[in-house]
Structures are given as structure tokens and as C-alpha cells.
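Chemist: Quick note, the sequences are listed as chains G and V, same order. The first sequence begins at 1 in this note's numbering and counts up one residue at a time. The second sequence begins at 1 in this note's numbering and counts up one residue at a time.
Hints in this document: simulated from the structure, not taken from any laboratory. Hints are supplied without guarantee of correctness; some may be wrong.
[Claimed, not checked] Cβ pair distances, simulated, as ranges:
1. V:Leu355 x G:Leu143: 26 to 34 angstroms
2. V:Ala418 x G:Ile121: 31 to 39 angstroms
3. V:Pro328 x G:Asn24: 42 to 50 angstroms
[Claimed, not checked] Examples of chain G residues toward chain V, derived with CB under 8 angstroms:
4. Pro67
5. Arg69
6. Ala93
7. Asn97
8. Gly111
Keep in mind that this is a model prediction, so the values were computed, not measured. Note that the Cβ used here is the ideal one computed from N, Cα and C, for glycine as well.
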Amino acid sequence: MSADAPIPDDIAFECRAFARFLANSETTPYVMSHYAQLRPTAALSATTSARIIERGLLAAARLGSLPLRMADGYARFFLPRALLRRRLLLLLAILENSPGSERHLNSSIEGSLPMVGVRVIASGLASTVCLLLGIVIFSPLHLFSGAADAPPVHRH
Amino acid sequence: MVVGSGASGVHFALTALENGHDVTMLDVGNERPSPVSPHASFDQLKTELPDPVSYFLGAHGEGVVYPSTSASYYGHPPSKQYVFDVPSGFDVTSSAMTPRFSFARGGFAEAWTGGAYAFNRDDLAPFPLSYDDMCRHYAIVSRRIGIGATRDDLEPFIPFDESYRPSLPLDPHSQWLWDRYHQRRDRLQQIHGFHLGRSRVATLSHALGDRKACGQLGRCLWGCPNEAIYSPAHTLRECIAHPRFRYVAGVLVRHFEYDDHGAVTGVVARRMHDRETVRFDGDVYALAAGALSSSKIVLDAIYRHSGTIAVLPGLMDNLQIHVPFLTPHMIGTAVQTASYQFHHLAFGVTRPDPLDYVHGQITSLKSASVHPIVQSLPLDLRAAIGVFRALRPGLAVANVNLPDRRRQSSVLTVRPSADGDDETELVVRYGEDPDESARMQSAVRSVKRALSALGCLVPPGMTRVLPRGTSVHYAGTMPMASARDGYSSDSNGLSHAFRNLYIVDGANLPFLPSKNHTFTLMANASRIAEGLPRG
Numbered sequence: 001m002s003a004d005a006p007i008p009d010d011i012a013f014e015c016r017a018f019a020r021f022l023a024n025s026e027t028t029p030y031v032m033s034h035y036a037q038l039r040p041t042a043a044l045s046a047t048t049s050a051r052i053i054e055r056g057l058l059a060a061a062r063l064g065s066l067p068l069r070m071a072d073g074y075a076r077f078f079l080p081r082a083l084l085r086r087r088l089l090l091l092l093a094i095l096e097n098s099p100g101s102e103r104h105l106n107s108s109i110e111g112s113l114p115m116v117g118v119r120v121i122a123s124g125l126a127s128t129v130c131l132l133l134g135i136v137i138f139s140p141l142h143l144f145s146g147a148a149d150a151p152p153v154h155r156h
Numbered sequence: 001m002v003v004g005s006g007a008s009g010v011h012f013a014l015t016a017l018e019n020g021h022d023v024t025m026l027d028v029g030n031e032r033p034s035p036v037s038p039h040a041s042f043d044q045l046k047t048e049l050p051d052p053v054s055y056f057l058g059a060h061g062e063g064v065v066y067p068s069t070s071a072s073y074y075g076h077p078p079s080k081q082y083v084f085d086v087p088s089g090f091d092v093t094s095s096a097m098t099p100r101f102s103f104a105r106g107g108f109a110e111a112w113t114g115g116a117y118a119f120n121r122d123d124l125a126p127f128p129l130s131y132d133d134m135c136r137h138y139a140i141v142s143r144r145i146g147i148g149a150t151r152d153d154l155e156p157f158i159p160f161d162e163s164y165r166p167s168l169p170l171d172p173h174s175q176w177l178w179d180r181y182h183q184r185r186d187r188l189q190q191i192h193g194f195h196l197g198r199s200r201v202a203t204l205s206h207a208l209g210d211r212k213a214c215g216q217l218g219r220c221l222w223g224c225p226n227e228a229i230y231s232p233a234h235t236l237r238e239c240i241a242h243p244r245f246r247y248v249a250g251v252l253v254r255h256f257e258y259d260d261h262g263a264v265t266g267v268v269a270r271r272m273h274d275r276e277t278v279r280f281d282g283d284v285y286a287l288a289a290g291a292l293s294s295s296k297i298v299l300d301a302i303y304r305h306s307g308t309i310a311v312l313p314g315l316m317d318n319l320q321i322h323v324p325f326l327t328p329h330m331i332g333t334a335v336q337t338a339s340y341q342f343h344h345l346a347f348g349v350t351r352p353d354p355l356d357y358v359h360g361q362i363t364s365l366k367s368a369s370v371h372p373i374v375q376s377l378p379l380d381l382r383a384a385i386g387v388f389r390a391l392r393p394g395l396a397v398a399n400v401n402l403p404d405r406r407r408q409s410s411v412l413t414v415r416p417s418a419d420g421d422d423e424t425e426l427v428v429r430y431g432e433d434p435d436e437s438a439r440m441q442s443a444v445r446s447v448k449r450a451l452s453a454l455g456c457l458v459p460p461g462m463t464r465v466l467p468r469g470t471s472v473h474y475a476g477t478m479p480m481a482s483a484r485d486g487y488s489s490d491s492n493g494l495s496h497a498f499r500n501l502y503i504v505d506g507a508n509l510p511f512l513p514s515k516n517h518t519f520t521l522m523a524n525a526s527r528i529a530e531g532l533p534r535g
């Protein structure tokens with residue numbers, strides 16, 4: 001896809017949803033253009049996206065922030081090379097280097113140790129709950145589609 | 001006739017020039033791109049560049065780091081790709097190691113972090129020379145490149161002399177670790193054998209020649225626009241300004257030719273732009289292309305002269321282990337991204353055998369790529385980003401280096417190319433030391449305990465043993481030896497097999513201490529050049 005090509009609606013929708021999830025921010029034309037352009041590079045050469053679990057994770061990610069978080073948490077532990085996670089990492093890499101979103105991602109949370117500690121614990125608890133929900137939802141699908149992880153990574 | 005413009009080649013050449021020799025240097029010489037926005041800090045690059053994503057991630061997203069169990073917590077960005085680009089036709093197969101090559105003008109040190117550590121008497125005990133033979137050349141090179149150092153607890157292990165310059169100012173995290181170490185120094189030294197000091201780095205705290213001092217821009221990894229971090233390309237500039245120096249870039253040396261008495265008669269190279277074969281003649285030849293490339297040139301020369309496939313045993317490489325840790329005291333403070341990015345602190349862990357001394361460097365996290373780090377946290381990415389931002393000012397990595405010894409099972413050889421095109425491919429077979437796993441575990445355990453004693457937390461499951469070959473500290477295939485042993489060289493680097501061939505780079509090290517060897521390569525190359533026969 002060239003930089004000037006119109007961005008398909010499904011990619012734009014995905015980019016917006018992922019940006020809200022990762023950085024609590026609305027995306028910009030600059031971010032979306034790079035995401036659309038680089039999105040094919042996030043795929044593995046021996047694609048796994050045809051697998052039922054991969055499709056399930058991607059489909060869940062489109063339903064809202066909570067399902068996306070459950071899908072990403074599940075992928076972190078059980079399918080770390082999943083296409084969903086690779087696309088999220090691609091967008092995160094773009095966001096951390098893009099004007100507007102870079103400041104949030106490259107800064108630290110300042111405050112007293114107890115205050116920051118509470119935030120860390122809250123994040124950890126929320127992540128754990130989402131992971132447990134993700135296990136309940138996605139593990140049957142994963143078992144059904146064959147529990148093996150993706151084949152070795154080969155970048156395009 | 002010098003092959004290669006890396007750390008060894010340029011200091012060999014400069015000392016040879018200073019001693020009245022004419023020098024021709026042959027080099028592929030991939031060139032460094034001009035720095036973008038030289039005055040901008042790491043953060044400013046992201047707001048001032050017209051297309052920061054393409055700069056930081058590359059035009060094709062090659063700078064994006066995807067999940068991998070063996071990946072480093074930091075990698076080389078697209079702006080440094082020229083350092084690792086390999087010419088077509090330079091083929092390599094390897095086992096138990098992932099060797100890397102550099103054909104850049106300045107070699108691997110175009111992408112180093114500046115660690116410059118002199119070997120001490122213990123380190124040099126397996127060498128056919130003494131520290132006294134080396135110390136003057138350490139000082140010569142130190143004055144040329146500008147090394148910042150401080151008298152500290154590492155002095156017994158890393159000799160200090162008056163040629164060093166002031167160290168860079170510490171960042172807040174490193175300062176806290178430094179202060180805490182001095183509060184708990186006796187316990188750390190006596191119980192854990194842990195000694196902390198300032199990194200010896202070839203990064204300028206004050207201007208030197210046309211190089212500016214560190215501007216605290218936080219973009220060290222992407223290429224210092226001030227040239228505060230030393231590169232051999234700086235010394236190459238000095239050489240090029242010399243009337244008796246000739247720099248021939250754009251040629252890949254394939255092999256040399258020699259007569260039946262073992263005298264090298266010429267060097268055969270391939271011109272990069274038209275792939276034509278060209279020949280260069282000299283009186284004395286010096287291989288400084290890096291241990292692997294220099295070895296391939298020798299192996300190819302033997303193969304083409306006699307049809308013999310020779311084997312060079314003894315390949316060494318420093319195993320590196322990254323131990324991430326957290327300093328709770330720093331949590332809640334502001335992170336300073338506009339700050340010298342690389343390590344400020346170095347440490348040593350003593351062992352009963354001085355040759356097993358463990359060396360490491362501590363890099364506190366300042367400016368960095370976020371996505372490679374957050375993906376390693378055991379959380380979904382939203383939570384991982386939040387936790388990372390909370391912990392960021394307290395995050396650091398201890399990069400632990402282990403020594404290596406020559407073994408007959410670690411070899412380099414060549415084999416004729418499968419393409420039948422009259423070329424060979426380099427074969428790298430690294431043979432692991434069966435005791436290394438135990439030594440590594442012991443070293444990592446010691447480092448973790450010392451970090452805990454400092455008041456830091458070492459999260460379980462995040463220590464990473466980097467793939468063998470990552471350090472690019474390759475050495476040992478044509479070692480200096482008192483008596484001839486295969487394709488060894490004498491204490492002056494002169495090959496025992498070829499009468500007028502000098503082995504100048506890491507290939508001539510008979511032992512690889514855990515300390516980064518680049519400074520020693522430079523000093524040793526200078527020492528060898530000073531010993532060249534005159535007239």
C-alpha cells in the first residue's frame with residue numbers, strides 16, 4: 001500500500017481501536033497512514049491467521065477495549081507471536097515515535113512511591129482479571145484449533 | 001598494506017604513519033549517513049523530524065521488534081544498518097553461533113557503546129607479552145580517542161593512568177547506585193566479590209579536536225551527531241589527512257597470493273561497483289578486517305594457493321547475559337530522556353581464578369524504544385505500558401560478560417561455494433565449553449545477589465542469555481604464541497606461516513577476558529605497528 005492510498009475502513013477501524021487501547025488516544029492521519037503501510041510487515045511469512053484461534057483473537061479485538069484486552073492478555077502468555085499481538089506492537093512502535101502520542105509513551109509516572117505502587121498493583125490486578133477471562137473464553141477455541149504455537153518467525 | 005578500517009586497522013595505520021611508513025588501506029567502507037537534526041534531543045527528533053516513524057523504524061518497519069525469546073532488550077536501529085550490511089557474495093554458514101560482520105568505515109565500533117577497558121597483568125598472563133609492553137600503547141590510544149575514567153574500586157582489575165579524561169556526569173539513577181555502593185562497599189566486596197566503578201568510555205566529556213563533548217541529547221544508540229562517542233572513522237580521518245596515506249574504499253579483499261617461501265606477493269580484491277578483480281602490492285601486509293574476515297582471507301589464500309582446506313581452531317566470543325533490575329528508590333521520579341544513553345557504571349566480580357573474572361556494565365534506562373521492553377512484561381500491553389511508565393525511572397540492565405578460552409572444537413574453515421563460482425563460504429563452528437553453563441549460572445547468581453544487596457529488585461524470569469555471537473568480540477583464530485602453532489603469530493603479530501604478514505586484529509588474541517576487548521585491539525595494533533621493520 002502506498003503512503004497516499006486511501007485507507008480501507010477495516011484497517012482504519014482497527015487502528016483507532018488499537019490506539020485507544022494502547023495510548024488512550026485518538027489516532028492521527030500520520031499514524032494511520034504508517035500503520036496501513038507497515039501492517040503487512042507484521043504478518044509472519046508462514047501465516048497463522050487462518051487458524052481458528054488467530055481469527056478468534058482478531059475478531060474479539062474488534063468488539064471493544066475489554067475483549068481486546070482479554071485477547072491480548074491471552075496472546076501474551078499462550079500465543080506470543082499471534083498476529084493480533086504483532087499488529088498491536090507495530091502500532092505501539094509507531095505511536096511511540098509519532099508527534100502527539102510520543103510524549104505519553106516516553107514519559108514516566110511521577111509521584112510518591114505509594115501512589116505509583118497503587119497504580120502498578122491496580123494495573124496488575126486488572127490485567128490478571130482480563131487474563132483469567134481470556135483463558136475462559138479463548139482456551140477452548142485454542143484447544144479446538146490445535147494448541148501448537150505459531151511456526152518460527154520469518155519476517156517479510 | 002592494511003586490510004580493514006576498524007579499531008585495529010586505523011590505529012595500526014596511524015602509528016605506522018607516525019613512524020615514517022607509507023600506508024595503503026583497503027576497505028569496503030560502508031559510509032555512515034549524515035546525522036539528522038544535529039542539535040535535536042531524542043524527544044525533539046520525534047516532534048521536529050518531518051517523518052520520525054521512518055527514521056526510528058525504517059522505511060519498511062525493520063526497526064520494529066517483535067516477540068522473540070532470545071532478543072536483546074535493545075537492538076540496533078535502522079540508522080545503524082550500514083554497520084552490519086554484508087556485501088553480496090560474502091557467504092557464511094554457522095553452527096552454535098550467530099556471527100555478525102561489519103564492512104563499515106570504522107567497523108563494528110561504529111555501533112559500540114564506547115566501553116574501553118585496559119587488560120591487566122592477569123588478563124595478559126596467557127599472552128606472549130606483558131602489561132609493560134602494552135601500557136604505553138594504551139596511553140597513546142587513550143590520548144587519541146579520549147577515554148573518560150575515574151580512580152575507583154575497579155583499578156586493581158582495570159589499570160588506570162594519567163592519560164584518561166574526566167568521566168561524564170552521572171545520571172540520577174546511576175548516581176544513586178554509586179552512592180549506595182559506597183555505603184555498602186565492604187559487604188559487597190567481601191561477601192559477593194562485587195566491585196563497582198565508573199565505566200571507562202570513549203565518550204568525550206570535553207571537546208577533543210573536531211569532536212564535540214557529549215551534548216546529553218539521549219540519541220547515542222541512533223548515532224551521536226556531536227561525534228562525542230569515538231569511532232575509528234575519526235582516526236581514519238586523521239590518517240587520510242596524512243600525505244603518506246592512501247585510502248582505497250569500495251574493495252572487498254578476498255585473499256592474498258604468496259610464493260613458495262611464504263612471502264605474500266599481493267592482495268586480490270573485488271571492486272564493489274563493477275565486481276572486477278583488482279590486485280594490490282605492498283612490502284608488508286596487515287590483516288585488520290576483524291577476526292572472522294581476516295581468518296577467511298587467510299583460509300582463502302591457502303585454498304587458492306594449494307587447494308588445501310585449512311582449519312583455524314580457537315575461535316572465542318564473550319557470552320553476554322542481560323540482567324534487568326529495578327531500583328525502587330527511583331520510582332516516581334521524572335525520567336531524563338535527554339541524557340547520555342549508555343552505561344555510566346561498570347562492575348567486576350572476582351573469582352578464584354583471575355582469568356574467570358566477570359565484567360559487566362550497568363545501563364540505566366533513559367531514552368529507549370518502549371515497545372521492545374513492554375512486550376517482555378508478563379501483562380497485556382495496556383497494563384504493561386502503565387507499569388513500564390511507573391517503573392521506568394528505576395529500570396536498568398546489567399550486561400554481564402564472561403571470558404572465553406581457545407578450544408580445538410571452536411573452528412573456522414571454508415568450503416567451496418555451492419554455486420561453483422570460484423568463491424568459498426566461511427564455515428563457523430563454535431564449540432561450547434562444557435563448564436561454561438555452570439560458570440554463567442554462578443556469575444549471574446553473584447550479580448543478582450550483589451544487586452539485591454544494593455537495594456535493587458531482580459525480577460525472576462527476565463534474565464536473558466544473548467545468542468552466541470551477539471557480543472561481536474570475536475578472537476583467537478591466529479593467536480600470538482611463543483612458538484609456532486598452526487597459523488599462529490609471534491608476539492609482534494607477525495604470522496608464523498607467512499613471512500611478511502601481520503595479524504593485527506582480534507584473531508591474534510590467545511585469550512579473551514570478559515572485559516570489552518576493543519581498547520586492547522587498538523593498543524595492540526599500535527604496538528605491532530611500532531615494531532614494524534624500517535626501510
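Chemist: Are the hints correct? Go through all of them and say.
Modeler: Hints, verified against the model:
For the pair Leu355 (chain V) and Leu143 (chain G), the beta carbons lie near 52 angstroms from each other, so the given range of 26 to 34 angstroms is not met. The hinted window of 31 to 39 angstroms between Ala418 (chain V) and Ile121 (chain G) is violated, with their beta carbons roughly 58 angstroms apart. Restraint check, Pro328 (chain V) to Asn24 (chain G): a C-beta distance of roughly 26 angstroms breaks the suggested window 42 to 50 angstroms. Checking Pro67 (chain G) against chain V: minimum C-beta separation of about 12 angstroms lies over 8 angstroms; hint violated.
Here the hint on Arg69 (chain G) is kept, as its CB sits about 5 angstroms from the closest CB of chain V, short of 8 angstroms. Hint on Ala93 (chain G) holds. Least Cβ distance to chain V is approximately 5 angstroms, under the 8 angstroms limit. Given the 8 angstroms rule on beta carbons, the hint for Asn97 (chain G) holds: about 4 angstroms separates it from the nearest Cβ of chain V. The restraint placing Gly111 (chain G) at the interface with chain V holds, with a minimum CB-CB distance near 5 angstroms, inside the 8 angstroms limit.
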